[in-house]
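2 protein chains.
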Amino acid sequence: MNIPNSYLLKRIVIIGSGFGGLQVATKLSNRFYQIVLIDKNNYHTFQPLLYQVATFGLEPDSIAKSIRFLIRKRKNFFFRLAKVNFIDINYNIIYSNIGELEYDYLIIATGSKTNFFGNQNIEKFSLPLKNIGEALNLRNCILHSIEYALSIRKKKIINFIIVGGGPTGVELAGSLAELKYYILPKYYPELDLNQINIHLIQATKKLLDGMSESSSNIALNYIKKMGVNVWLNNPVKNYDGKTIFTKKVNLKSYNVIWAAGVKGAIIKGLGNKYIANNRILVDKYHKVQGINNLFAIGDVAVMKEDNKYPNGHPMIALPAIQQGINLAKNFNRFFFKKKIQPFKFKNKGYMAIIGRNKAVCDLSYFTISGSIAWILWMIIHLMKIQGFRNKLLTLINWITQYFNYNKSISILIRPYINYNNILTQYH
Amino acid sequence: MNIPNSYLLKRIVIIGSGFGGLQVATKLSNRFYQIVLIDKNNYHTFQPLLYQVATFGLEPDSIAKSIRFLIRKRKNFFFRLAKVNFIDINYNIIYSNIGELEYDYLIIATGSKTNFFGNQNIEKFSLPLKNIGEALNLRNCILHSIEYALSIRKKKIINFIIVGGGPTGVELAGSLAELKYYILPKYYPELDLNQINIHLIQATKKLLDGMSESSSNIALNYIKKMGVNVWLNNPVKNYDGKTIFTKKVNLKSYNVIWAAGVKGAIIKGLGNKYIANNRILVDKYHKVQGINNLFAIGDVAVMKEDNKYPNGHPMIALPAIQQGINLAKNFNRFFFKKKIQPFKFKNKGYMAIIGRNKAVCDLSYFTISGSIAWILWMIIHLMKIQGFRNKLLTLINWITQYFNYNKSISILIRPYINYNNILTQYH
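Residue numbers (my numbering), protein chains in the order written: chain W, 1 to 427; chain P, 1 to 427.
Because the hints were derived from the structure by calculation, they are not lab data.
Keep in mind that a hint or two might mislead.
Some chain W residues close to chain P (C-beta under 7 Å, calculated; not the full set) [claimed, not checked]:
1. D61
2. S151
3. D209
4. E213
5. Y309
The beta-carbon is built from N, C-alpha and C at its ideal position, and this holds for glycine as well.
With the sequences and hints as input, model every part of the structure.
Encoded structure:
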């Protein structure tokens with residue numbers, strides 16, 4: 001990997017530059033430690049807005065920030081574009097596609113990946129939405145489906161099916177509904193809108209399972225009014241690439257979007273005893289239990305010692321960010337032989353956006369919805385996007401879209417061909 | 001293809017939405033004709049700036065404009081995303097991957113494609129630059145090469161080799177040189193710049209063959225001062241994916257960019273008698289000789305009846321635009337039984353940009369270079385980009401880059417894996 005030796009400084013290797021990894025990497029003092037950040041992409045992705053890239057709201061560069069830009073001018077700081085295949089916790093070595101590297105401390109911040117719950121058909125045929133490549137694939141599939149619908153003489157129903165009624169599923173369903181009713185009529189006047197159906201399928205009895213009853217009901221109302229067919233209590237059984245089979249209904253579709261869950265992205269080399277429910281067990285100092293120089297933060301880690309969260313923290317951005325900051329501070333404290341601090345998650349609430357002027361927020365003591373929640377959602381997301389340029393780009397896009405209901409109908413960047421998906425081959 | 005019958009109007013089918021196709025499509029009166037525009041992409045590409053997408057100057061959406069956006073609200077106008085495989089000029093039918101379509105008039109505006117001069121090795125291993133996908137591929141290869149150079153302990157020379165000393169080759173070489181000296185040191189402080197070499201290889205004895213002797217010399221001077229190794233009189237013999245063999249030198253490189261020429265993108269179904277030098281022979285009314293309802297414009301067409309251009313017009317944007325306009329006007333004139341007009345190319349000159357404050361322009365009566373030519377180049381290109389949003393995005397990017405020599409080092413959008421190119425597999 002060609003990282004210089006640092007005889008005086010201990011080397012901290014961080015795997016993953018998501019919300020947690022980026023925080024710990026940038027908050028660690030590079031006067032006390034040599035820092036090596038490794039990621040399989042050369043950018044940080046603002047995952048909460050992936051669905052807007054998929055539905056033509058934003059271009060990929062608005063939600064991606066070059067890591068080399070973020071860490072420029074830092075000394076004792078090295079970034080490597082690499083995929084880590086294996087970690088050897090006995091000899092303190094990581095193995096990657098560009099070689100191996102010894103560490104003094106290792107921080108695993110690999111986040112989560114789509115959970116297909118072991119169903120290989122679904123993994124093969126459905127469209128996940130966990131990274132920019134997948135968001136572009138989904139965008140291309142949406143565009144291809146509509147172009148296809150136009151080009152055939154005999155009208156066909158195009159079903160867009162979203163599996164999973166969490167924030168991603170709800171946001172995507174709302175966004176597709178707005179696309180259908182406000183955008184498509186402008187750019188596809190030939191299209192009969194009745195050809196396009198949007199279905200949201202949820203296994204449990206309510207949408208937004210992690211949120212309050214009232215927010216969940218409001219969201220359900222919003223999304224139904226927007227013309228989305230919502231199926232509750234309706235677990236998916238299978239999908240063969242053409243038909244999705246669920247408890248209540250079977251639907252034909254080439255566009256099944258899988259947003260039903262995530263699981264920790266665990267690296268090979270950690271024994272099973274360190275893992276619970278696909279996440280790495282850590283103590284309240286983010287340390288993997290029993291290993292003194294191994295840490296995990298964010299979605300991939302499960303900390304059962306925070307009293308309010310006996311099953312671990314929710315797999316969203318905020319715990320990852322706070323954990324990254326706390327771990328970095330602890331390392332800096334440790335260097336000065338100060339007392340390190342246990343982690344306490346300061347939960348600022350949950351929120352989900354359904355559409356224009358439609359959002360729900362569960363804050364600590366009360367719940368809000370409608371326009372105010374929608375504005376709050378936008379402000380918070382804008383604040384969290386990395387970099388001034390990306391904030392500006394996103395803001396300009398949102399303002400334009402607000403005033404003229406106008407998303408410039410998207411371009412197909414490097415069309416995606418999925419040999420399992422007939423539509424993408426068709427063109 | 002599901003195009004409605006138009007009993008009263010004649011149907012004009014246009015293949016290709018480049019500079020020529022877009023002009024003729026939008027200038028034709030849709031009160032007199034039914035217009036069908038077909039393209040294999042759903043966007044118009046501003047090809048003159050592809051090299052800036054490849055070298056991190058612009059994002060793809062700045063130089064691509066959705067065709068459905070450009071033609072929105074037009075009646076009797078149909079766009080289809082399709083690839084035309086064959087035209088039957090006897091029965092007036094085109095065959096595409098989404099079905100067949102009859103036409104009354106057919107306009108071929110398919111532009112040009114990279115000319116590998118029959119060398120299959122070069123076609124297989126080198127990187128062309130004729131569309132957005134290829135520009136992103138090239139960007140990814142550049143980034144991967146630099147990341148790779150960092151990750152290996154033993155220093156290796158990374159050669160970027162550009163074949164072809166026309167405007168594309170010169171612009172790309174200049175842009176890579178600026179990348180090397182101004183951008184890389186900021187974001188890759190570990191990198192030894194001596195590891196990166198840029199070579200520009202030209203078969204003939206001067207750069208910018210179509211331009212004046214003085215512009216050509218100035219460009220050569222500029223580009224040499226920028227640290228590019230220029231090889232004149234040096235035709236390429238072969239490239240095996242690792243080493244490029246030329247008359248004067250053999251160089252190791254995984255990054256050979258092929259900008260040595262283009263040829264007409266001819267569709268199957270036209271007999272050889274209609275074709276000369278890989279372009280379709282047309283008369284001064286853009287009509288394919290001997291066929292009354294078949295026309296060709298732009299790079300794919302060669303008109304030998306314009307006195308000043310006995311070998312046809314140069315394969316650049318301006319003749320295509322002017323031909324598109326003239327052909328559309330002739331169709332509109334024809335509808336009113338007015339006299340149609342022969343085409344005369346109004347040449348406004350040639351220009352090429354080499355770098356910051358460095359450009360050359362051959363205008364009708366004189367030649368300019370330096371800052372003034374550079375500003376002129378930018379104004380003209382900004383004017384020609386489709387759409388206000390794209391003009392604005394491009395302008396903002398250029399201004400930012402001018403004042404802080406700063407291109408945000410790019411993100412690798414959907415990494416490109418070329419099984420012929422070792423570097424892209426490596427990561």
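Right, here's what the structure says about each hint:
With its C-beta approaching chain P no nearer than about 5 Å, D61(W) sits inside the 7 Å limit, and its interface hint holds. Annotation: S151(W) was flagged as interfacial toward chain P, and the flag holds, the nearest CB pair being 4 Å apart, inside 7 Å. Taken as an interface hint, D209(W) does not check out: its beta carbon lies about 32 Å from the nearest beta carbon of chain P, beyond 7 Å. Using the Cβ-Cβ criterion of 7 Å, the hint placing E213(W) at the interface with chain P is not satisfied: the shortest such distance is roughly 40 Å.
Using the Cβ-Cβ criterion of 7 Å, the hint placing Y309(W) at the interface with chain P is not satisfied: the shortest such distance is roughly 34 Å.
Going through the hint list in order, the structure does not satisfy hints 3, 4, 5.
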